[in-house]
Structure formats: C-alpha cells, structure tokens
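Participant: Protein chains in written order, with this note's numbering: chain A, 1 to 421; chain B, 1 to 140.
Please keep in mind that the hints were generated in silico from the structure rather than gathered at the bench. Every residue gets a Cβ at the ideal spot worked out from N, C-alpha and C, and that includes glycine. Just so you know, not all the hints are guaranteed correct.
Result set (SDA-like, lysine to any residue): computed pairs, CA atoms no more than 20 Å apart in a straight line [said to hold, decoys possible]: (1) Lys73/B <-> Glu134/A; (2) Lys73/B <-> Ala133/A; (3) Lys73/B <-> Tyr143/A; (4) Lys298/A <-> Met354/A.
Calculated from the model, a selection of chain A residues having no Cβ within reach of chain B, i.e. all distances over 10 Å [said to hold, decoys possible]: (5) Lys4; (6) Lys6; (7) Gly8; (8) Asp22; (9) Ala42; (10) Val67; (11) Phe106; (12) Asn193; (13) Pro232; (14) Arg349; (15) Asp386.
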Amino acid sequence: MYKKRKLGRGVAMVGAGMSKFDMFNDKDSKDLFVEAYIQMNASVDKGLDPEDIDALYLGNFTNDFFVQQSHWGAILSDSLGLVPKPATRTEGACASSALAFREGVFAIASGFYDVVLIGGVEDMSKRSTEEVAEGLALAASPYERKAGLTFPGVFAAIATAYFEKYGASREHLMNVTIKSHDNAPLNPKAQFNLAIRDMMAAKVKRAKSQGKAVPDWIDEKDFLRDERANPPIAWPMHLFDCCPISDGAACILLVAEEIANRFTDTPLHVVGLGQGSGRALHSADDLTYFEATRHAAKEAYDMSGLTPKDIQFAEVHDCFSIAEILHIEDLGFFAPGEGHKAVEEGLTRLDGPMPINTSGGLKCKGHPVGATGAAQLIEVWEQLRDKAGRRRVPKSDLRIGAAHNLGGTGGTCTFTILERR
Amino acid sequence: MAENPINDYGFEQFLNEGKLMGSKCNGCETLYVPPRSLCPGCRQSEMEWAETAGEGRLAAFTSISIGTPAMIKEGYDRNNPYCSGVVELVEGARVVARIEGIDSMHPETVEVGMPLRVKFLNQGTDDDRGTVLAFSPIEE
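The shape of chain B in the complex, shown without the other chains (with noise of 0.2 Å):
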C-alpha cells in the first residue's frame, strides 16, 4: 500500500483495485475521504493510509435530470434521471459519490439515513474518469 500518493492519484488507484482508502493523520488519528496530504486539524502532514469498511449511511442525495456532460454522455436525461449524494461512513467521514440502486424517478420516496454499501463503477475499463465511487442500499 505505502506506494500510492496520498493524493488524489493514490485514492483512484485504490478504487481502480475495488478499495475506498482514505488518509489517517498520525497526530489526531482523523480520518480523510478522499485523503488529504496535510491534516487541516493539526496542519501536520504526517499521514497514512487506512482502508473503510465501504459501509455508511445516507446523509444527503438527489435525482438529477440535466446532468453533467460525462453522465448525459452515458445516456442519462430528464427520462432516465440518476442519483448523486453525499454517504457518511461508518468511519464518520463524509464522501460524494453516486447512488445506485435507489428509484430516481420517485425521488420523494428514498430515505435519508438508509444504510448503503459502496461499489465501484467502470472498474477496469477504459472510461476516461477512471473508477466512479458509488454506494447501493444495503439488502437487509
């Protein structure tokens, strides 16, 4: 592990390998997803890598109907919306990500704070935005 970056270039190569990584602060123990090479807390850089449990909840989402040109690209439209949102993770930190799995078309009937998982988009492929993280609901 210690060979990624701990910059944004290391996190991609986590999610190329199917992992949500994010970065540890020595001093506050403080965890950063995606990571962060200085601690804004203790503004010390002395940081390290620290796999999630990939787990959270939803703290925050919507359904976007005009999106943005790479998801339009992917056949996204006011027909076929997709969601976006903000996960907290089991861990406390907070990540933007898609979210799969949820009915975009009856937005009004997802819960903020149901359980997700993440998953990894696009992995191994040759899309330009390299692996997308995304997050679908826990199967209780």
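Looking at chain A on its own, in the form it has when it is part of the complex (with noise of 0.2 Å):
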C-alpha cells in the first residue's frame, strides 16, 4: 500500500565537492573522486575530521564495462583513506548516485550512522563512442536492443509520440538546447561552455581564417537545423540533442541533523525524497511521460509536504532534450503538454520563473553517468548556498531546490527536495 514516508530522524547536507567534468586521458575516476573529496572536505564550514565519516556510500554505473574494474566502492574508499570504514556501492544506471545518496540519507535516519560520505563517478572517455553506446545499452531493455534500439533512439521514437500527441517538433527542442548553453558559461565545472551563438561566431570566424565558405546561419535555430553542423543521431535526435561522453566525480557530506551545526550554519535539510521504478519502452502505459518519476515526485512531495509551486529552481535529468520537457511535465511544473510551451516561452531559462538545469545540465555540464545524481543535487547546494556565482537564480528568497536523477530509459527515476532553513 502507498503511504506517506517520512525519516527516523533528519538528515543534512553540509558538505559538497565535485571535480571538473570533462574528457580526461591522464585522470581515471579514482583521481577525479579524490578531487571532489577534497573540495567536499574544503567546503564543510566548520571543517570535517575524516575519522568521523562512518561510512561510504558510492554510485558507479558500469566502471565494469568502462574501464573493466569493479568493486569500487571499497577501492575508492582506500584512496580517501577511509580504510577500514564500510564502503557500498550503488548501481542504478545513469541514476546511481542518487541511489547513494538516498541509501546515505536511510542509514543516518535509521540511527546507525552519523556521518556518511556519499557519491558518484563515471570513467567514460577511455572507450570508443561505439563502445560507450554499447555500455550504456546495458541499461536498456534487451527487446530493444534487438529491435536496433541506441538509447538516443529511444528518447527519439518517445519524442516523436510526445509531438504527435501534442502538435510539438524539433524546433521545440531546440529551446532546451539554447538554455541549457546559455547557462554553462557561467558554470566553470561544465563540459562545455559556449553559448550557441558564441559557437557559431568561433565557426565562422574559423572558416574566414581558413579560406572555406563561411555559414550563414541566422540565428541559432538555423545554426541547429544545418545538418553539417548538428547532424542527426537517431531522428529526431540531433548531435546538439544528445548530452556528451564525459568522466567526472561528485562527493556529498551528510549528517544527521541533530548534529549539523557541528559542521554548518546554513546546512541543508533533505526534506523530500522519491524513487520510482518503470517499465520497458514497449510496455509502459504512455510514451509520452515516466511512470518512475511522476511516482518519485508523489513521494518526495507527500513526504515534504510541498507542491510543485513551492520549488524555486530544478536540475532535471536531460540526457536527452525531449526528456528535459517530459521531465518538468511529470514533476508538476508544468502540465502535460505545456513543458515545450514553456521552454518556447522561457519559463525555464535562469531568469524565468522556473529556472530549470542552471548547471547547464547534462547537455552542456556533462553527464559521468554513475556521478550525475549527486552532482545535480551539489548544483542545488551552490544555488541555496549562494556558490552559484553568475549563475545563482535571481530569486530574493532562495530557499528551496530538488534534483530529478533518471536511470536507462526512465527504468529508475529519483526526486530530491533539499532546503535551506
């Protein structure tokens, strides 16, 4: 039977640290989680003595595939020098870290811990871009495999029901695409970090300078409908629909609130937290939304008692751009169907009334799958912490942020609700 949940006994985040996303060929993911770590440990107000950390709880989706290494959970944990403290990891495919971060928050509710490390990291660029789409099928289901399948195909044949069902097209897309570039200038651990129309000047610029013809894109829509510049994927998912391969790491201090303020005056409190599961492509009731995520949301806003009114700003799971409207749909922002209206009206850009992916997102920060989860919910932290810099949402009263992690093809989706009190 549903019933609402609610903790043993709160939990805080007082703690947060990532590395620089990106593709590394001389950093493996092992480098990377000791960079966040000890940004993590710099960022801890009061300071942190690693011998109070209790335990790990770590999110790796397929270290395995990647770079043919498990087990490491407890090998990362050597590397902090956490030795011989518990470390678990957590696999729930391009939703792992949140998994972490969830099973973090359940052991301090239980009372069994205190303080617990969480986090995430993904080595993906040591592998092929044919490699890396096979690894990251291991998520989806073998049915679509077999029926020739990509995950970028997935997402697409799920966008072409959603515009079919709601007179939507790839020009709605590209909305996502352009916000999502607008923001990531102003994240210095993103990917990317041009703007569309910075990109298109730097190509112009680059084929005056070598002679070649120079493009005559007129704006960014254009820029995105040349197919030489964002060719397609799996129709109609384009290049610049598509978040990128890239490696990074994301660490997460939490502790039980009742001791918070030995480490923090301005911790954040886990108010709401959701997890659904889905179903296969072929089998989910509408393709046109997540079961897994419309139930995490139920979850996490029953628990917090708040509405989607109440959140001020959101990081989504945009692996895909289509998702990203799918997404602010399921989580209540926005009615189904209204999501593409939305981005068409720049309700979701920083300085609309629902900043959606500040980050950047994964389009344009990057998407280290097993790290993403916890990364998002440190974008929520840097925002009611007032880290955001250039990006922090111009909002008087920043109080309260939720990240939505999706894993496969919408087969584990997670929401999170943090708040600044």
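Join the two chains, each given in its own frame, into one complex according to the hints.
Facilitator: So, in structure tokens, the structure goes:
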C-alpha cells in the first residue's frame, strides 16, 4: 500500500564538492573522486575530521564495462584513506549516485550512522563512442537492443509520440538546447562553456581564417537546423539534443540533523525523497511520460508537504532534450503537453519563473553517468548556499531546490528536495 | 504450441516459425507481447500462448544514423540510416521492432499512426540475433 514516507530522524547536507566534468586522458575516476573529496572537505564551513566519517556510499554505473574494473566502493574508500570504514557501491544506471544519496540518508535516519560520505563517479572517455553507446545500452531492455534501438533511439521514439500527441516539433527541442548552452558558460565545472551563439561565431571565424565557405546561419535555430553543424544521431535527436561522453566525480557529506551545527550554520535539510521504477518502452502505459518520475515526485512532495509551486528551481535529467520536457511535466512544474511551450516562452531560463538546469544540465555540464545524481544535488547546494556565482537564480529568498535523476530509459527515477532554513 | 516455454526463448522459437505470439493471462485475459510468465496485473502465472494478427499501427519511431553494433555490421550508417519504433498491435499490446519500408532518409515525412503489418527478418538464417521482429506499411 502507498503511504506517506518520513525519515526516522532528520538528515542534513553539510558539504559538497565535485571535479570538473570533461574527457580526461590522464585521470581516472579514482583521481577525480579524490579531487571531489578534497573540494567537499574544503566546503565544510566548520571543518571535517575524516575520522568522523562512518561510511561511504558510492554510485557507479559500470566501471566494470568502461574500464574493466569493479568493486569501486571499497577501492575508492582506500584512496580517500577511509579504510577500514565500510563502503558500499550502488547501481541504478545513470541514477546510481542518487541511489547512493538515498542510502546515505537512510543509514543516518535509521540511527545507525551519524556522518556519511556519498558520491558518484564514472570514467567513460577511455572507450570509443561506439563502445560507450554499447555500455550505456546495458541499461536498456533486451528487446530494445534487438530492435536496433540505441539510447538516443529510445528517447527519439518517445519524442515522436510526444510530437504526435501535443503538436510539438524539433524546433521546441532546440529551445532546450539553446537554454542549456546559455547557462553552461556560467558554470566553471561544465564540460562545454560556449553559448550556441558564441559557438557559431567561433565557427564563422575559423571558416574565414581557413578560407573556407563562411556559414550564413541567421540565428541559433538556423544553426541547429543545419545538418552539417548538427547531424542526426537518431532522428529527431540530433547531436545537440544529446549529452556528451564525460568523466567526473561528485562527493557529498550527509550528517544527522541534530549534529549539523558542528559542521555549518547553513545546512541543507533533506525534506523530500522519492524513487520510482519504470517499465520497458514497449510496455509503458503511455510513451509521453515517465511513470517512475511521477511516482518519485509524488513520494517526495508527500513527504515534504510541498507542492511543485514551492520548488524555486530544479535540476532535471536532460540526457536528451526531449527528456527535459517530459520531466518538467512529470514533476508537476507544467501541465502535461505544456512543457515544450514553457521552454519556448523562456519560463525555464535562468531568469524565468522556474529555472531548470542552471548548471547547464547534462547536455552541457556533462554526464559522467554514475556521478550525475550527486552532481545535480551539488548544483542545488551551490544555489541555496549562494555559491553559484554568475548563474545564481535571481530570486530574493532562495530556500527550496530539487533534483531529478533518471536511470536507463526511465527504469529508475529519483526526486530529491532540499531546503535551507 | 504447448511445448514452447512461455518466456523469451519460446517467443524466439515462434519468431523463427514466422509467428508473432504473446502470452494471455487466464485471469484478466490481458495479452503480453513479448510474453510474460507472470501477469503483472493479476500477479498470477496461469498464462497461455495466443497468436496475434500481426497487424498494428506505428506508435513511435526513430531513424537511426549511429546504430547498434549489430546494425553497423549490417551496413547501416549516417548515409544509410534504419528505422526502429514502437508498434501498437490491434490486440492492444505494444512491441518494439525494426520498421521497414518507410523513408529513413526523410523521417519527417513518416506519419505516426500509419497501419503496419509484421514481417520477420533473417528468418532461418544463422544470424546470432535469431529472427528479428519487423513491421512494414500495409499497402492500401
């Protein structure tokens, strides 16, 4: 039976750090996680004695496939000098570190631990693009692979169903991409740091200097319509609809609420937690929403007593542009079928009423899959603690933010609401 | 028919024979394609095989330029994309399948909702994927 959830005792986030997201040929996910940990440590206002860390929960999708190395919880625990404290790896495809976060929360809420480190890592760029695609496809259903569906292909099919039902088109997806690229240059951790307009200018300049034909794009959408600049991957998903291949790590310190003031005077409280599971593409009730996200959202809203209107900004799992449109509907920020219009009207821009993916999203910040869930929560942390610099959401009393993480083709979805009191 | 196990192995055996089969729940009569051995609605496992008419309509699709390793091996690429999609069968169940006979170079001209009929690719060959489920437009 469905019931309203609550924690056995309150849990607070008191530290957060992440590596830069990029493709690194001289760093593996161990190096990146150490980097994230050091930054997390530095972020704890009143300091952290590593001896106080009770346990590590680490999200990692498939180091097994990408670098032929498993057992990454204990091995990274050793890298941080936490041995012999317990370490547990969680796996939920691209939602792996949101699951680590939840396990950390539960461990503290149960009273078993007081101080827990959670994080996520992925090291993807050491394999070819085809191999990475194959690795990600491990999280799809076997029927999809046999039908020739790739990951972009599944989301592309979802897009055509959405287009058909709501009269949307590729042009609407372009608005998501343009918005993400506008936010990313404001995030120093982001893999891509150019707005589409700046990228166009750079390409024009290069063409001129090389004496080549100079492109005559009239605006960003004209650029995105140009198949030479933005080739199809799985129509209607083109290159700029898809998140990149990334390496990166993210690290968060969770503590029992009752001891949070030992670490900081401005902790973030975990007020809403939700997780749901979804079905394979062919057996979904409807192709235009994610059942798992709707369930996760209901759980998190019910637990927190909040409604979508109370969420001041959110990070959502935009692995593909169409996904962002579905999520902002499934999370209740906009009615079903209205998401594409909201993006077109600029409502989800940084200066809009409901800023979405202020970090640049997976599209531009990067998507080292096992690190993404934790990194999304770090964006919420930076916004709510006024550390987001030039990309700070321009609202006067920023108190409540949320993050939505999706694994596979919607098989695992989480929604987490954080509050600064 | 009774000899095929109600699972993916049995489903594949029927595909090899040119039959698109599903499992029907003895409790609620819901048809599942591919088959399920446990009805998620009734949560019981009294299931039996049922053959579909092999017809449906296109519910969603994509034209894939960067394909799966198996499709790349078949010669599909950016200059020769292929289509896959979701087909809603006349019986109500949906399946994922290859979609043939539609213009993969001009996917914007393809209409979601168009009627399709089943076909079986690589039937009887030694392709290690076995028979691949596909659909193509019904010629009016």
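Participant: For each hint, tell me whether it holds in the structure or not.
Facilitator: Right, here's what the structure says about each hint:
1. For the suggested pair Lys73/B and Glu134/A, the alpha carbons sit about 14 Å apart, so the restraint of at most 20 Å is met.
2. The straight-line distance between the Cα atoms of Lys73/B and Ala133/A is roughly 15 Å, inside the 20 Å bound, and the hint therefore holds.
3. Pair hint Lys73/B plus Tyr143/A holds up; C-alpha atoms about 19 Å apart against a cutoff of 20 Å.
4. As the CA atoms of Lys298/A and Met354/A are separated by approximately 19 Å, the hinted pair is consistent with the 20 Å bound.
5. For Lys4/A, the requirement that its beta carbon stay farther than 10 Å from each beta carbon of chain B is met, with the minimum near 24 Å.
6. With a least beta-carbon separation of about 28 Å from chain B, Lys6/A lies farther than 10 Å from that chain, consistent with its non-interface assignment.
7. Every C-beta of chain B lies more than 10 Å from that of Gly8/A, the closest at about 30 Å, which supports listing it as non-interface.
8. The Cβ of Asp22/A sits about 22 Å from the closest Cβ of chain B, beyond the 10 Å cut-off, so the non-interface label holds.
9. The non-interface label for Ala42/A is consistent with chain B: the shortest C-beta to C-beta separation is roughly 41 Å, beyond 10 Å.
10. Taking the minimum C-beta to C-beta distance to chain B, about 19 Å, the non-interface status of Val67/A holds against the 10 Å cut.
11. Every CB of chain B is more than 10 Å from the CB of Phe106/A (nearest about 27 Å), matching its label as outside the interface.
12. No Cβ of chain B comes within 10 Å of the Cβ of Asn193/A; the nearest lies about 25 Å off, and the non-interface call holds.
13. Against chain B, the non-interface label of Pro232/A is violated: not every CB pair exceeds 10 Å, the least being about 5 Å.
14. Distance check for Arg349/A against chain B: the nearest CB is about 28 Å away, which clears 10 Å, and the non-interface claim stands.
15. Against chain B, the non-interface label of Asp386/A holds: every CB pair exceeds 10 Å, the least being about 42 Å.
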